[in-house]
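> Residue numbers (the working numbering), protein chains in the order written: chain A, 5 to 191; chain B, 6 to 194.
It is possible that part of the hints are untrue.
[To be verified] Straight line, CA to CA, 25 Å or less: simulated BS3-like cross-link-like pairs of lysine-lysine:
| no. | chain 1 | residue 1 | chain 2 | residue 2 |
| --- | --- | --- | --- | --- |
| 1 | A | K156 | B | K194 |
| 2 | A | K126 | A | K83 |
| 3 | A | K86 | A | K167 |
| 4 | A | K13 | A | K83 |
| 5 | B | K139 | A | K83 |
| 6 | A | K17 | B | K9 |
| 7 | B | K139 | A | K178 |
| 8 | B | K37 | B | K12 |
| 9 | A | K156 | A | K167 |
| 10 | A | K126 | A | K13 |
| 11 | B | K9 | B | K48 |
| 12 | A | K179 | A | K17 |
| 13 | B | K191 | A | K86 |
| 14 | B | K37 | B | K54 |
| 15 | A | K156 | A | K86 |
| 16 | B | K139 | A | K126 |
| 17 | A | K164 | A | K23 |
| 18 | A | K178 | A | K126 |
| 19 | A | K167 | A | K13 |
| 20 | B | K139 | B | K194 |
| 21 | A | K178 | A | K17 |
| 22 | B | K12 | A | K156 |
| 23 | B | K54 | B | K12 |
| 24 | B | K9 | A | K23 |
| 25 | B | K9 | B | K34 |
| 26 | B | K191 | A | K23 |
| 27 | A | K86 | A | K17 |
| 28 | A | K179 | B | K194 |
| 29 | A | K83 | A | K167 |
| 30 | A | K167 | A | K179 |
[Said to hold, decoys possible] Cβ-Cβ distance ranges computed for the label pairs, FRET-style:
| no. | chain 1 | residue 1 | chain 2 | residue 2 | range |
| --- | --- | --- | --- | --- | --- |
| 31 | B | G80 | A | N110 | 35 to 41 Å |
| 32 | B | K194 | A | N169 | 54 to 60 Å |
| 33 | A | R69 | B | K191 | 41 to 47 Å |
I should point out that these hints are in silico values taken from the structure, not numbers from a laboratory. The beta-carbon is built from N, C-alpha and C at its ideal position, and this holds for glycine as well.
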Amino acid sequence: MYCNQRPEKPGNKIEVFEKITNMARANSLWVTAYGTGCGAIELRPLHTSRFDMERFGIAMRPTPRQADVLIISGYLATKTLKRVIRVYEQIQDPKYIVALGSCTINGGMYFDSYNTLNVLDKYLPVDVYVMGCMPRPEAIIDGFSLLMRKIKDGRAQGWKHYKENLDYYRENQKKIITDWDLPDYNW
Amino acid sequence: MIDKVMKDLEIRFPLLQLVREQHNYLHVKVDKASAIDAVLMAKTSLGFKTLQLISTVDRLEENRFQMTWILENYGTTSILLISADFPREDCIVPSLSDIWPAASAFEREIFEMFGVSFPGNPREGEDFLLEGWKDIPPMRRDFDSEEYSMRVFGERQPREHTDPRQYIGDIVGEWNTPMGAKRARKEKK
Chain A
5 MYCNQRPEKP
15 GNKIEVFEKI
25 TNMARANSLW
35 VTAYGTGCGA
45 IELRPLHTSR
55 FDMERFGIAM
65 RPTPRQADVL
75 IISGYLATKT
85 LKRVIRVYEQ
95 IQDPKYIVAL
105 GSCTINGGMY
115 FDSYNTLNVL
125 DKYLPVDVYV
135 MGCMPRPEAI
145 IDGFSLLMRK
155 IKDGRAQGWK
165 HYKENLDYYR
175 ENQKKIITDW
185 DLPDYNW
Chain B
6 MIDKVMKDLE
16 IRFPLLQLVR
26 EQHNYLHVKV
36 DKASAIDAVL
46 MAKTSLGFKT
56 LQLISTVDRL
66 EENRFQMTWI
76 LENYGTTSIL
86 LISADFPRED
96 CIVPSLSDIW
106 PAASAFEREI
116 FEMFGVSFPG
126 NPREGEDFLL
136 EGWKDIPPMR
146 RDFDSEEYSM
156 RVFGERQPRE
166 HTDPRQYIGD
176 IVGEWNTPMG
186 AKRARKEKK
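Just need the whole structure built from these sequences, with the hints factored in.
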């Protein structure tokens with residue numbers, strides 16, 4: 005069951021029940037406190053008193069097991085991608101990814117770097133991209149409000165896409181992580 | 006202080022170049038055979054007991070690596086740079102990690118980034134910054150970083166149209182304005 009089986013495909017849920025739970029999910033987004041790049045510096049003003057993201061129900065959690073959202077903040081090196089995959093797969097369903105900055109969209113200013121990847125959604129399912137280099141806290145709040153609307157409408161299905169297309173994502177991940185030493189499935 | 010250091014080094018080693026950058030800042034260039042001896046002498050008898058940095062510059066046109074050891078004497082706050090040229094192919098430089106343990110980290114980084122080998126370093130070849138790197142070392146100047154990036158990581162495909170409505174239209178319409186939300190609901194029906 006643990007670490008040696010493919011993920012179970014998410015079954016069909018009752019629609020009305022899903023709508024109610026989605027509203028609850030959207031208003032209590034808990035974020036893994038894990039900064040991957042320079043954009044993590046913009047999260048500090050966001051969760052302290054000036055911008056205060058807790059008024060939207062967004063809180064920082066110390067472990068991925070308690071969180072729903074993973075923020076990819078800025079450039080992502082191949083070495084970090086390994087850790088990010090590990091963290092992402094340990095988050096309980098449903099889970100969402102918010103990607104900050106132009107580096108995650110097309111490489112940004114590191115487009116020709118030898119160890120930062122250019123297109124993030126080949127490796128992980130991204131629900132919301134926030135553009136900017138770096139995005140201001142207002143822009144990140146805007147991105148989160150978009151994520152909340154997407155969850156309420158049932159359109160934030162990146163985690164389902166990841167489970168259903170695991171082979172595609174794994175193939176891409178293994179292409180750039182040449183010394184793959186993770187367990188194949190760590191849920 | 007630096008005057009005495011200059012004299013001592015001139016007596017012991019054939020100096021190729023000697024530049025006094027500031028009143029307490031000396032740059033010395035020696036040949037590759039006496040580089041390590043000069044560093045050791047600076048430590049043992051001239052009082053430069055702290056290793057600040059080991060750095061490498063890739064002089065591709067002249068086919069050489071310029072190694073530099075930066076030493077500091079805290080007592081007199083003076084800095085000594087000792088540099089030497091090594092051939093670029095199969096570059097081998099003696100390790101200093103048993104004299105300064107901190108040198109081990111610098112040497113591992115240089116091994117990974119330039120491919121300079123340091124025999125004598127007990128942790129040589131261990132991963133430092135890159136994991137599972139299989140190409141030529143990335144800081145060498147004949148390594149084409151952009152070509153590597155395009156080959157391994159790929160590029161995002163550019164958009165086919167320039168009409169923003171096709172890409173962000175539904176988001177702007179649906180989410181951000183009440184009118185847009187109404188319109189989207191109508192279109193759904």
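> So, for every hint listed, does it hold in this structure?
Now for the hints, and whether the structure bears them out:
1. A/K156 <-> B/K194: 19 Å, holds
2. A/K126 <-> A/K83: Holds, at roughly 16 Å.
3. A/K86 <-> A/K167: 18 Å, holds
4. A/K13 <-> A/K83: Violated. A/K13 to A/K83 sits at ~29 Å, over the 25 Å cutoff.
5. B/K139 <-> A/K83: 14 Å, holds
6. A/K17 <-> B/K9: Status violated; Cα separation ~84 Å.
7. B/K139 <-> A/K178: 14 Å, holds
8. B/K37 <-> B/K12: The given pair, whose Cα atoms are some 20 Å apart, holds under the 25 Å limit.
9. A/K156 <-> A/K167: Since the Cα atoms of A/K156 and A/K167 sit roughly 21 Å apart, the hinted pair holds (cutoff 25 Å).
10. A/K126 <-> A/K13: 20 Å, holds
11. B/K9 <-> B/K48: 14 Å, holds
12. A/K179 <-> A/K17: Violated: A/K179 and A/K17 sit about 35 Å apart, past 25 Å.
13. B/K191 <-> A/K86: Distance ~45 Å between B/K191 and A/K86 Cα, so the pair is violated.
14. B/K37 <-> B/K54: 21 Å, holds
15. A/K156 <-> A/K86: Measuring from Cα to Cα gives roughly 31 Å; hence the hint is violated.
16. B/K139 <-> A/K126: With a Cα-Cα distance of about 22 Å, the restraint between B/K139 and A/K126 holds, given a limit of 25 Å.
17. A/K164 <-> A/K23: 17 Å, holds
18. A/K178 <-> A/K126: 11 Å, holds
19. A/K167 <-> A/K13: The hint holds at about 7 Å.
20. B/K139 <-> B/K194: 56 Å, violated
21. A/K178 <-> A/K17: Violated, because 33 Å separates the two Cα atoms, which is more than 25 Å.
22. B/K12 <-> A/K156: 78 Å, violated
23. B/K54 <-> B/K12: 19 Å, holds
24. B/K9 <-> A/K23: 82 Å, violated
25. B/K9 <-> B/K34: 17 Å, holds
26. B/K191 <-> A/K23: 20 Å, holds
27. A/K86 <-> A/K17: Violated. A/K86 to A/K17 sits at ~32 Å, over the 25 Å cutoff.
28. A/K179 <-> B/K194: 44 Å, violated
29. A/K83 <-> A/K167: 23 Å, holds
30. A/K167 <-> A/K179: 19 Å, holds
31. B/G80 <-> A/N110: 35 to 41 Å: Distance hint for B/G80, A/N110 is violated at roughly 53 Å.
32. B/K194 <-> A/N169: 54 to 60 Å: 32 Å Cβ-Cβ, so the 54 to 60 Å window is violated.
33. A/R69 <-> B/K191: 41 to 47 Å: This hint holds: roughly 43 Å between Cβ atoms.
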